[in-house]
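Chains A and B, in that order, give the protein sequences.
Take 1 as the starting number for the first sequence in our numbering and just add one per residue.
Take 1001 as the starting number for the second sequence in our numbering and just add one per residue.
Careful: at least some of the hints might be erroneous.
Claimed, not checked - Cβ-to-Cβ under 10 angstroms is the rule here; a few derived chain A residues that face chain B:
id: 1; residue: Met55
id: 2; residue: Lys58
id: 3; residue: Glu59
id: 4; residue: Val92
id: 5; residue: Lys118
id: 6; residue: Ile121
Since the hints were derived computationally from the structure, they do not count as laboratory data.
From the three backbone atoms N, C-alpha and C, an ideal C-beta is built for every residue, glycine too.
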Amino acid sequence: MKKKIEIIAHIDPSVIYKELSHPGSGGICVFIGAVRDITQNQKVNALFFEAYETMALKEMEKIAATASKQWNLNRLIMQHAVGEKKIEEPVVLVGASSAHRNDCFEACRFLIDTLKEKVPIWKKEFFEGKEQVWVTPHP
Amino acid sequence: MQFSFYIYLKKMKILLFGIAKDIVGNQFLEDASFKAKTVAELKQELIQKYPDFAKISSLAIAVDEEYASDEQQISADNEIAIIPPVSGG
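Can you build the whole structure from these sequences, using the hints too?
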């Protein structure tokens, strides 16, 4: 299985079909996370993402390895953006291709859910009115 | 290792990210007074020195780019990082 794992400044979703396309893949599934303009009823202007890059890449490799054992995949991609991202910009992209749709659907769900849980990346929200908050749950 | 310059001092250097960076007011923490020999002891020392760490819902420590258990031994030769709750995606 060919895979691509990256932490990059800009994600380009327009090339994703080419990246995941494979002669043996009848199904391609992609999830893209983007910057939303409202969080908890507050207007958001931008997000800022910071990564512990070396560790984040290692964790993403582990997630990709687990997914490729669990499902029959021909291609896999995981990308996360860092830096400031404006409304509607893509910040995370995961995708997989497989012979049949079930494998790539389930793999994508696992890739994004596990990335959000384990990969050391943090987001700061820039609210209208200049307040800045690291998204960190407090008890 | 990238800390060769500090080897003689044997200060523990801790990488900080996200809210941990704001709590300490720097990108890393370098402090010869840290006595922690395990991850659990380090967490206790951090909370003593910076009580705001107690307010974070979970505080993980990475040793050499891997999530570490509380029992794991640490020294100034390890790359240590504080991992506040992650919020990627």
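Here's how the hints hold up against the structure:
The closest approach between the C-beta of A/Met55 and any C-beta of chain B is roughly 4 angstroms, which is under the 10 angstroms cut-off, so the hint is satisfied. Because the beta carbon of A/Lys58 sits about 6 angstroms from the nearest beta carbon in chain B, less than 10 angstroms, this interface hint is met. The interface hint given for A/Glu59 is met, as the beta carbon of that residue sits about 8 angstroms from the closest beta carbon of chain B, less than 10 angstroms. Using the Cβ-Cβ criterion of 10 angstroms, the hint placing A/Val92 at the interface with chain B is satisfied: the shortest such distance is roughly 5 angstroms.
For A/Lys118, the interface hint holds, the least distance from its beta-carbon to any beta-carbon of chain B being 7 angstroms, beneath 10 angstroms. About 3 angstroms separates the beta-carbon of A/Ile121 from the nearest beta-carbon of chain B, less than 10 angstroms, and the hint is met.
Of the hints listed earlier, there is not a single one the structure fails to meet.
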